[in-house]
Every structure is written in structure tokens, then in C-alpha cells.
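Next come the chains, spelled out residue by residue.
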Amino acid sequence: MAETVDVAVVGGGAAGLAAAISAKEVGANRVVLLDRNSELGGILPQCIHTGFGVHYFGENLTGPEYISRFISKAEELGIEFKLDTMVLRINSGRRLLASSSLEGLFELDARAVVLAMGCRERTRGAVEIPGTRPAGIFTAGTAQRLMDIEGYMPGRKVVVLGSGDVGLIMARRLSMEGADVVAVVEVMPHPGGLPRNVVQCLEDFGIPLLLRHAVTAIHGQERVSGVTVAEVGDGGIPVTGSEREVLCDTLVLSVGLIPENELSEGAGVALDPATGGPLVDERMHTSVEGVFACGNVVHVHDLVDHVTETGARAGQGATLFALNELPPPKRRIAVVPGSGIRYVVPQVISGDGPVTLFLRVKSPVRNANLTFGDFAVPLRVARPAEIVAVKLNEEKVETLAHRREIPVCLEASS
Amino acid sequence: MRTEVAIIGAGVVGTTIARELSRYEVDVTVVAGEVDVAFGSPTKANSGIVHAGYDDEPGTARAKHCSRGNELWHKVAPEVGAPFKETGSLVVAFTEGEVEILWELRRRGEKNGVPGLEVVDDEALLRRIEPRLSDKVIAALRAPTAAVTSPYELAIAMMENAMKNGAKALFGAEVRGITVRDGGVGELQTSRGDVEVTYVINAGGLRADEISAMVGLDCFTIRPRRGEYYVLDKKQGEVTRHVVFPTPSQISKGIVVAPTVEGNVLMGPNAQDIDDKEDTATTATGLREAFEGAVKLFPMLADGKRFVIANFSGLRPEPNTKDFVIGSSDEVRGFVNAAGMRSPGLTAAPSVALEIVGLLRGLGLALRPRLDFNPFRKPMDRPMREMARCEAQALIQRNRRYGHVVCRCEHVTEGEILDAVQRGASTIDGIKFRTRAGMGRCQGGFCTPHVLRILASQLKIPVEEVTKKGGGSAVLTCRVKEMLRRGGLDG
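Protein sequences appear in the order of chains A and B.
In terms of my numbering, the first sequence opens at residue 1 and continues consecutively.
In terms of my numbering, the second sequence opens at residue 1 and continues consecutively.
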């Protein structure tokens, strides 16, 4: 017989912890949080740099500091943790199948489920870097874990491919620990990470950033012996003759994150191809009744503070659903990305608001307008690396209420 | 050390010969330069297709051993608990000219003794048996006995079973020379010392020509023919049911789209003759060729790039003789070649092994059957992937570590990783080939730190000494702060 709980939260990172805490605070009786790792906190325990909590706490914290506040809170509230526990399947009836050393295979019936599995890193195969397959190729997050949790250096002479935030942070981290970071290579004409990270991680450490460059081959039989770096022209095609060999023993890849939705798909949750995550409304309710989602499983966030916020909303929604108190949707307005916009989350507005829309632009813009059908919001500056948050108050939602669809577009301001 | 029969090479050919010889009371040692079974390119990066046997000209060794090998694997793979799935294969034709070739292949296959071949030219039927096939395909040769396996698991299983029956392994021992004394083989000089031998079987894959030349038999050369592949996510597993080939060309069977035995999709290989026997690098051109070839067969794969989880390339040991080089030598007593094992080498292996054993008998090796020979090998327990729930539950109750999932993509448990170490894995790749930990969509991003820790503790070595694949392939460099203490880049 499967046990029944009010809210089951899958994933114990920033999103899952926030969801579990808010579930308890809103009045859920039994909240169980399952995580495949042996420690809570998701990726944050290995993010030992600062930059967390500026919005949420008004303080500049390290990852472990930020998340420990939530872990303590969750412990105080009596949330049940099942660690070292892998959720293998969730069915559309919200029954979880999980496994752990302690309990073996077991089932759990949840009145509501919160999906908070986070994301995984894109790999060498996904970006198709030709060459050999020696030791010494790491994704940035793995390199970070090896250094900052396990306590080992992944290499001595390093090339970082991709200038996303994790890549920039790792370039600095490796450099601080005595490794020679030869270069950070970025295929786009602009850096992938936040401007403050470009300054603090590369410029302050004298690490060259090669924009419009790519790693076109990996060399070495047993261990990486070098990479070929080339300039790229339009469409990301390497410029012939621009190739040069760079000696290194390690290649760190920071080439994107992918929301990890295998469990969601198994539960029948509809995904947005633009985000790779579930389609949600502002309550973080997915297409499957009683299944909510939050944090990086929905889309890849730039700031953990936002992740926490979506977690809190998902936890609240899930609890109300579990207690049979979630108001039915009042409307169903689809929010769709228009020109210049890569995606918008939530994809559906179902209530009166206020609603915070998170969106990403396709390329850097300055002094533009974001249009929402009936009104426009000025956008001074935006980069693909940063999420733009736009809050629609009740009044704005009311003006949109007659629509079935709001295209969100980027327009040059007049 | 001394051994009666040394088999050089721990690929699928060498290990299959070892397993066949282990039926007898013979002192057999598999000697290989790599630190584990199947670490050489022809096996590791094999497509894992067990061909039906219609490709090769009747009368060649390839033709003889391919169809018989296919039949033998149907029995042997299950005995040793290696994954094996009879998917059948299709050779597809886009033009009337190609249809003619299908009929020719069918005739050839029948001469080779391949059962069940049929040319399907009813397009409606074709769509029914392979729904996502290009609508430009007008006919296909269907071979029901073609199958897929996992090449490295197959070799690992054969070696384990051979060792259970008394065979020995000497790995990490690169053969540097062979002494010929009084017209017969004397000793192998290896990087781990000399081995006194009576018989040497050369299953040296890419280096088989060099090994043969060590005893003065330089009658053939091996040139690597590189092939590059894509592996797609299991989410694309529905693309194809059969192993699907285009109509073959002179130099290769063409770029294939095949289901893997684990449910992924394999696309490739192209065929490029190169000179360097170690050049397993993939190339932008080769990958493009593999991708375009696959899209031609299944146009829906044009959208398949987002499902790519890995690329790799393998080197086929292409002999200048075009055919397998199998035989003993009158000039050097006790030296037997099982060389030039190009495609369909994997398929042919068990049949070649029988021939090799016959040759050894002819050379005077006493073959007394081993009375306690056990043909069966207990496969690894894979509770999350292969067991019914109650069975998995019982296993976890016996050993709690089978409840702890370490590789989240492929659902590999700690119990499986420990079992793999017990069975001989000593590297990250050794664990990967035995368990699939690190073979899924995150490619080891999450499980590598755990596997490193488990290997270090089981092998009782520092974590920094754990390698990806032996030799100088250590994964980690040193402890954090050590580099700073020693002033940065000193070495």
C-alpha cells in the first residue's frame, strides 16, 4: 500500500526547498521532499562564490549561506526529507515510484506534486565538438563539484568553452586555485553570462575572453593535450585559416543548461519547446491536474532569488490543490513570445494577477518597448543572458482579460 | 610467466577464441596492451550489428564465417548473458538500379546460407514494417536474422565466462616482440615481462599486421578505416525497428540507422581510410557525412540533432587482402592469425573461434574437454532497468546498495558499480561499459564524482590515481590547494 501525503516535492534545491516551506506555511499537513543527492540544497552547496540573495534577502551571500537558511527553515517546519532517493516515475495520477538504499523501491501517493528537478548541463556530444575522447573534458558544473565539494583539481592548464555564468565562475575559481586558464572561448559576439561576472571573473583575473570563437577540435589520446580554437563567422561557421592550437590538459564546457524533465514527460506534463520545461500558469500549475513545477525545471533562471520565488508559488498552489482549495482558473490567456522574444513564462495567465512574467530576449537590445497587445512597457536594456521580469498588476491583467492570447513583442521605441 | 596458448588481443575476437578454448583443459592467457577488455577501437567503437550474412561474396572467409557466426551468436550471446536483440535488418533501395542489387544480395545471401531473406517491394507493407522510413524508398531486402548487441558487453561477457572456465588475463601488457626459436614461437616480450608460450593466436586487431611481422610473417598489412557515429537519446528510440542500411557501395555497407540493444539510436558510420592507427578523432566532415546519410534513410532525423548525446569514431582493421587473414604458418610453428577482422568481424567471431581451435588441434595441441565447463555466465543484476519490481525489491533487500541510484540518466545503482569492480572494472570507462553509468544523456556529468569515489575506495588507491581508461588518463590532477602550495604550474 502506498502512503498518501499532501504534497510531494521532487528535488531539494532552491526551488524544491522553497516549495516545501511554503506548502507547510500555507497549511499542508504532510510534506515530503525527495532528493537523489545525499545532501539538500541542489547545486548551491557547490556554488561557494557570492552573488546569491541580493534580491530576496537584500544581502550578498554565498550559495551555501543562501541555501542553509532554507534548509534550517525546512527542518524547523517538520518537512520530511527522503535523501539519496531517486524518483523513478510519476504517473498522471500523482503516484510516485522511488528507490533508496534505506527503503528500497516504494510508492507514494501525493495529493499534489511539485516538480523541482532543476536542470542538467549540455555536453560535448550535444554541441558536437569533433576530436578525440580523452580524460580532461568536464562540464563546468562537474568541475565545480569536483573542486568545491570533493576537493580535487580537474586540471592544470584549462580552456573554458562558453561564457555562461558557470563557465565564468569556474574560470575564476580554477585561476584562484593555481590553474592556468588560457582562455574563455565564446561562439557568440557577446558574453553568455552576466556583465558583472565578465568583469569580476575574467577581467579582474586577466583571463582572455575570445568572442566569436569556437573550439573546433579536441586533441590527446589519454589526457587532453590541446584544443583547436578558430574564429567563427556568420552562422557559427569557423573561418578557414583562423585555426590555432592551444595547449591545455583540460577543457571545461559551459555550453548551456537543459531543464531536466524526463519525470515530467512520464507524468504526461506538456512541455514548451522554447523553454524545455512544463507549460505553467502563474500558479505554476502544469497541464496535469495537481502537478506543479518551479525553478530551473520550468526554464533556466539567471538568479536563484527568482527560483525561490517560483518555488514558493508552486508550494502554495500545490497545497491549495491538495486541500481542495485551489480556485478554478478564471480565464485562460496564452502568453506567447512574439518578435525578438525567445520565451515567456508563465505561458498561461489563469487568474486576476498580479502576475510576474519572466522572459528572455533573443539578442541584446537597448531602449526598446515590450508590447503586450494593449499596452507597452519600456525596456531600457536587455541581454539574452539576463531574464527580464515584468510585473503585471491586477489592472493590467484586467485590460488583457478579453484576450485569449497575448503576443509579447520587442519593438524599437519611437 | 608461462602459458600454453597466448591470445594477443582482448577484443571480441580474442575473447571469443579464449572462451571457445576454455571448453578444453588448455592453459590459455589473453594478453592485451589495454588495461581492460574491449578497450581497443575495433570492438569498443563497433556498431554492435550482428549481420545476417548476405553482403560478402560466396567463397570468401567473410561469407563463410558471417552467416555461421550469426547463427552461433543466437545461442552463445544468451549463454553468456550478453545483450542481444534480433531486430532484423533492411537494405533499402531508392532506385530500380538499387532494387537489382537487392536481388543480387538475396541470391548471394542464399548461397551463403542466410535464412529467411525476402525482397519487400510492396510499399504499403514496407511502411508497415518500418513506418518512419523515407517515402523515397521503393523496396528493401529484409533479413530477419540480423541482430544487435553491445560489442563491449559481448567481449566482457565472453572474457568473464572464459575466465570462469580457467582462462587467464594479462592486461596492460603491450606485446613488443615475439621470439622465434627452432622454427616455433618461443616467448612474447611484453611491457609486463616475458611470457613463455607454445602457441600464439594473433587477434591483435589494428596491430595484427605488426604482430605477425614480429615472427617474420609480413604477408599482409592492416590499414585503419575510420567510421564516425552519432548516438541519439532513447527518446528517439522509436525511429527505427530494424537495422537499416542503404544499398551497399564497394567499400562499405554504408551509413546505417540502427536501434541499439539498449534502446538508443545509432547513426553512422562513414568510411575513411587513414594512416594513423590511433587517430580515433571525430571530424566535422565525417560527422556531417554520417548525419546526412542517416537523414536520407529517415528524413525525420533532420530534426534529430537536439537528441544527440554522443559522437564517437572507430577504426576498422582493414586488411590489404580484403578478406580475413585466418590461418597457421608452416614457417613459424605455433603462430596462428585471426587477423584482418574487418566487418563483419564481430559477427564472424564465434565461427572464426571454431576454426582457430581446429587449427590448433591440427598443430598438435591436446584438446581434452573440460568436464566442468560451464557455458553460462550470470549477467549483472540491473534492478532498475531489467527486473520486475518484486524481483528488484528482493534484490535490494538482500543488498541495500541496489536501491541507491548513482547514474540518474540510466538508473544504474551503486550495487551494479560495485559488482562491475568485482568483475574486473578498474577505470571509469570499465564501469561505463559494464553498467552504462555515464552513458546517458548527461554523459557522466552527475555520476562521475561518485564513480571516482567508489573506484578509489574499492581499488584502495587515491582518487587522483583513478583513470578514465588506464595509462595517463587520470581524471583528476591533485587536491585543491596543492597546486598553490607548489607555486602553480610546476609539474
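It should be emphasised that the hints constitute simulated quantities derived from the structure, not laboratory data.
Note that the Cβ used here is the ideal one computed from N, Cα and C, for glycine as well.
It cannot be assumed that every hint is accurate.
What the hints assert, rightly or not - To be clear about the criterion: a stretch of chain A counts as covered by chain B if any three or more of its residues have a C-beta under 8 Å from a C-beta of chain B, and this derived list gives those stretches:
#1 154–166
#2 212–223
#3 351–358
#4 401–410
Said to hold, decoys possible - Each pair of labels, with its calculated beta carbon distance range:
#5 Glu118(B) x His190(A): 36 to 46 Å
#6 Gly58(A) x Ser134(B): 39 to 49 Å
#7 Ser134(B) x Met176(A): 52 to 62 Å
Claimed, not checked - Okay, derived cross-link-like pairs now, DSBU-like style, lysine-lysine, Cα gap no bigger than 30 Å in a straight line:
#8 Lys234(B) x Lys82(A)
#9 Lys234(B) x Lys85(B)
#10 Lys136(B) x Lys235(B)
#11 Lys362(A) x Lys305(B)
#12 Lys157(A) x Lys85(B)
#13 Lys157(A) x Lys235(B)
#14 Lys82(A) x Lys235(B)
#15 Lys277(B) x Lys362(A)
#16 Lys234(B) x Lys157(A)
#17 Lys460(B) x Lys164(B)
Now for the hints, and whether the structure bears them out:
| no. | hint | result |
| --- | --- | --- |
| 1 | 154–166 | holds (count 4) |
| 2 | 212–223 | holds (count 7) |
| 3 | 351–358 | violated (count 0) |
| 4 | 401–410 | violated (count 0) |
| 5 | Glu118(B) x His190(A): 36 to 46 Å | violated, 58 Å |
| 6 | Gly58(A) x Ser134(B): 39 to 49 Å | violated, 60 Å |
| 7 | Ser134(B) x Met176(A): 52 to 62 Å | holds, 54 Å |
| 8 | Lys234(B) x Lys82(A) | holds, 28 Å |
| 9 | Lys234(B) x Lys85(B) | holds, 16 Å |
| 10 | Lys136(B) x Lys235(B) | holds, 25 Å |
| 11 | Lys362(A) x Lys305(B) | holds, 21 Å |
| 12 | Lys157(A) x Lys85(B) | violated, 45 Å |
| 13 | Lys157(A) x Lys235(B) | violated, 37 Å |
| 14 | Lys82(A) x Lys235(B) | holds, 28 Å |
| 15 | Lys277(B) x Lys362(A) | violated, 45 Å |
| 16 | Lys234(B) x Lys157(A) | violated, 35 Å |
| 17 | Lys460(B) x Lys164(B) | holds, 25 Å |
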